[in-house]
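Please construct the entire structure, taking both the sequences and the accompanying hints into account.
Each chain, letter by letter, is given below.
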Amino acid sequence: MPLTNTTEEQKLRDFESLVQEHQIGLRVFVRALGVEEGWVDDVAQEAFVIAYRRLDTFETGTDFGRWLRGIARHLVANERRKKARHSRLLPLVLADMLLDSVSDDTREPDSSSRLLGAMHECVKQLPSRSRDLLERRYAGGETAATLARQLRLNADSVRQNLLRIRVAVKQCIEQRVGASKP
Amino acid sequence: MSPERYQELLGRLLEQELSHEEAQELAAALRDPQLLRDLRQHLVIWDLWSQSQAPERSSEAFLKACITRLNITGEPRNAFTNAVREELEAEFLKSQSRQRQPRRPSRLLESLVQIFRFRFAWLAPVAVAGLVLLFWFGSTRTAHALITIQGDAVCTACVLHENNEHLPAIRVTTGGSNSIYYLERNKTVAGLQDYFCNGPTPATASGTATVHLQRNLFNAVRVIIPASNSPRPTSTNNAPFFPLI
Numbered sequence: 001m002p003l004t005n006t007t008e009e010q011k012l013r014d015f016e017s018l019v020q021e022h023q024i025g026l027r028v029f030v031r032a033l034g035v036e037e038g039w040v041d042d043v044a045q046e047a048f049v050i051a052y053r054r055l056d057t058f059e060t061g062t063d064f065g066r067w068l069r070g071i072a073r074h075l076v077a078n079e080r081r082k083k084a085r086h087s088r089l090l091p092l093v094l095a096d097m098l099l100d101s102v103s104d105d106t107r108e109p110d111s112s113s114r115l116l117g118a119m120h121e122c123v124k125q126l127p128s129r130s131r132d133l134l135e136r137r138y139a140g141g142e143t144a145a146t147l148a149r150q151l152r153l154n155a156d157s158v159r160q161n162l163l164r165i166r167v168a169v170k171q172c173i174e175q176r177v178g179a180s181k182p
Numbered sequence: 001m002s003p004e005r006y007q008e009l010l011g012r013l014l015e016q017e018l019s020h021e022e023a024q025e026l027a028a029a030l031r032d033p034q035l036l037r038d039l040r041q042h043l044v045i046w047d048l049w050s051q052s053q054a055p056e057r058s059s060e061a062f063l064k065a066c067i068t069r070l071n072i073t074g075e076p077r078n079a080f081t082n083a084v085r086e087e088l089e090a091e092f093l094k095s096q097s098r099q100r101q102p103r104r105p106s107r108l109l110e111s112l113v114q115i116f117r118f119r120f121a122w123l124a125p126v127a128v129a130g131l132v133l134l135f136w137f138g139s140t141r142t143a144h145a146l147i148t149i150q151g152d153a154v155c156t157a158c159v160l161h162e163n164n165e166h167l168p169a170i171r172v173t174t175g176g177s178n179s180i181y182y183l184e185r186n187k188t189v190a191g192l193q194d195y196f197c198n199g200p201t202p203a204t205a206s207g208t209a210t211v212h213l214q215r216n217l218f219n220a221v222r223v224i225i226p227a228s229n230s231p232r233p234t235s236t237n238n239a240p241f242f243p244l245i
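Here the protein sequences line up with chains A and B, keeping their order. For the first sequence, this note's numbering gives the first residue as 1, with consecutive numbering after it. For the second sequence, this note's numbering gives the first residue as 1, with consecutive numbering after it.
FYI, nobody ran anything at the bench for these hints, they're computed from the structure. Just so we're clear, the structure is a prediction, and the values are computed from it rather than from any experiment. Cβ atoms here follow ideal geometry from the backbone N, Cα and C, with glycine treated the same way. Honestly, I wouldn't trust all of these hints.
No more than 35 angstroms apart at the CA atoms, straight line, and that leaves these computed lysine-lysine pairs for DSBU-like [stated by the list, open to error]:
#, chain 1, residue 1, chain 2, residue 2
1, A, Lys11, B, Lys64
2, B, Lys64, A, Lys170
3, A, Lys82, B, Lys64
4, B, Lys64, A, Lys124
Quick partial rundown of chain A residues pointing at chain B, CB under 8 angstroms, derived from the structure [as the list claims (entries may be wrong)]:
#, residue
5, Val28
6, Ala32
7, Phe48
8, Val49
9, Ser112
10, Tyr138
11, Gly141
12, Leu151
13, Leu153
14, Ser157
15, Lys170
Which chain A residues stay away from chain B? Per the calculated CB distances, all over 12 angstroms, these [as the list claims (entries may be wrong)]:
#, residue
16, Phe58
17, His74
18, Cys122
Okay, here's the thing in structure tokens:
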């Protein structure tokens, strides 16, 4: 979107539109870079705040999403270098691999929205118990260990159930939308 | 590594239970590009799912958090105050239709924030948020009068990208701030979804408003959308899936 008006209010309005447009894609990008589940939004918000401060350096007409992802990547790489703040990242050996393997040149957010559509369809096809488990895990924010206590089940069993569901949903998505290129 | 072991480690990673030794073991397996790709895909799709399911990760919550952080970090100086004031003004407009005496919460609020900025700057967002909550919760009991809102017809999936459910909504812009009114599905709205998906397009709706879980819900008895805004053709976008991969 064009960033032409330089008044503070207009700048904030533009910023809100940009956040709404790019937040989904940026958050999944941040997660793919190896940021821990609970810190994804924190890092993404940080990237947006930095982007806001530097809006005047953004070259109008270029890919804002790519610019934003570059900021996020810089944040995560910086986090990687600061040993004291490793808690926001996955184990370093994995974070390093993910950081190296994810490109800023991605096609979002339209593909994110289509992906989510396929997910909804696939989740609908799950047995009700599986859907319930997913809901507790993601809408309720419960971990497998907590769920196990609540359901009076073994934690390993809950974890395996969740993984089976995840694998099934992912396969369903691939069938629905076609697997990505290697 | 056997596929079963990879799955086990993947499950532990997604449940944040991976030990240091297991992380090393998984990293060795991820030298296989297919497995690395599989892991990335899981990270992406389940984060996407989490965003669509967890209320605290909704698009609105995320935007509000960004605005709050802008204020905390000092830029722009009045952004948070403005955002809150405008939300309260939107609420005030609704209250007018309930035929109450006009209230001016924004001035009081702004004064409070000005005071807090100098003496207790760190407390200002907390106090303001508290006032907003009080205001919202207070309003839920009385919001049943017929009101008319003017704004843009938008779809929560196609336009707002909040989730994948194609729900009709009206986006009302007051000052520089947007308020979203989520339309309840009823016979008035039935058949109009294409216009919302084709939005944003100007619309006027009359009905009753309620607030639930900090979301403005609107039960419309009449929706007017200019007839010239006909639905656009179905998208033929066939972009590859699994972003980032």
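Evaluated hints:
With a CA separation close to 16 angstroms, the supplied pair lysine 11 (chain A) and lysine 64 (chain B) stays within the 35 angstroms bound. Restraint check for lysine 64 (chain B) and lysine 170 (chain A): satisfied, since their Cα atoms lie roughly 31 angstroms apart, inside the 35 angstroms limit. The suggested pairing of lysine 82 (chain A) with lysine 64 (chain B) holds, with an alpha-carbon distance near 28 angstroms, which does not exceed 35 angstroms. As the CA atoms of lysine 64 (chain B) and lysine 124 (chain A) are separated by approximately 30 angstroms, the hinted pair is consistent with the 35 angstroms bound.
Residue-level restraint check for valine 28 (chain A) holds (minimum Cβ-Cβ distance to chain B is 5 angstroms; threshold 8 angstroms). Interface hint at alanine 32 (chain A): satisfied, since its Cβ lies 5 angstroms from the closest Cβ of chain B, which is below the 8 angstroms cut-off. A cut of 8 angstroms between beta carbons decides the hint on phenylalanine 48 (chain A): the least distance to chain B is about 5 angstroms, and the hint holds. With a cut of 8 angstroms, the hint placing valine 49 (chain A) at the interface with chain B holds, because the nearest CB-to-CB distance is about 5 angstroms.
The beta carbon of serine 112 (chain A) is positioned within 8 angstroms of a beta carbon in chain B (closest approach about 5 angstroms), and the interface hint is therefore held. Given the 8 angstroms rule on beta carbons, the hint for tyrosine 138 (chain A) holds: about 4 angstroms separates it from the nearest Cβ of chain B. Proximity of glycine 141 (chain A) to chain B holds as hinted, the smallest CB-CB distance being about 6 angstroms (cut-off 8 angstroms). With a least beta-carbon distance of about 15 angstroms to chain B, the hint placing leucine 151 (chain A) at the interface is violated under the 8 angstroms criterion.
Contact between leucine 153 (chain A) and chain B, as hinted, is not supported at the beta carbon level, the nearest pair being about 14 angstroms apart and thus beyond 8 angstroms. This hint is violated: serine 157 (chain A) has a C-beta 11 angstroms from the nearest C-beta of chain B, more than the 8 angstroms allowed. Because the smallest distance between the Cβ of lysine 170 (chain A) and any Cβ of chain B comes to about 6 angstroms, under 8 angstroms, the interface hint for this residue holds. Against chain B, the non-interface label of phenylalanine 58 (chain A) holds: every CB pair exceeds 12 angstroms, the least being about 15 angstroms.
For histidine 74 (chain A), the shortest C-beta to C-beta distance to chain B comes to about 17 angstroms, beyond the 12 angstroms cut-off, and the non-interface label holds. At roughly 10 angstroms, the least C-beta separation between cysteine 122 (chain A) and chain B is not larger than 12 angstroms, which violates its mark as non-interface.
In summary, the structure is inconsistent with hints 12, 13, 14, 18 from the numbered list given earlier, while agreeing with the others.
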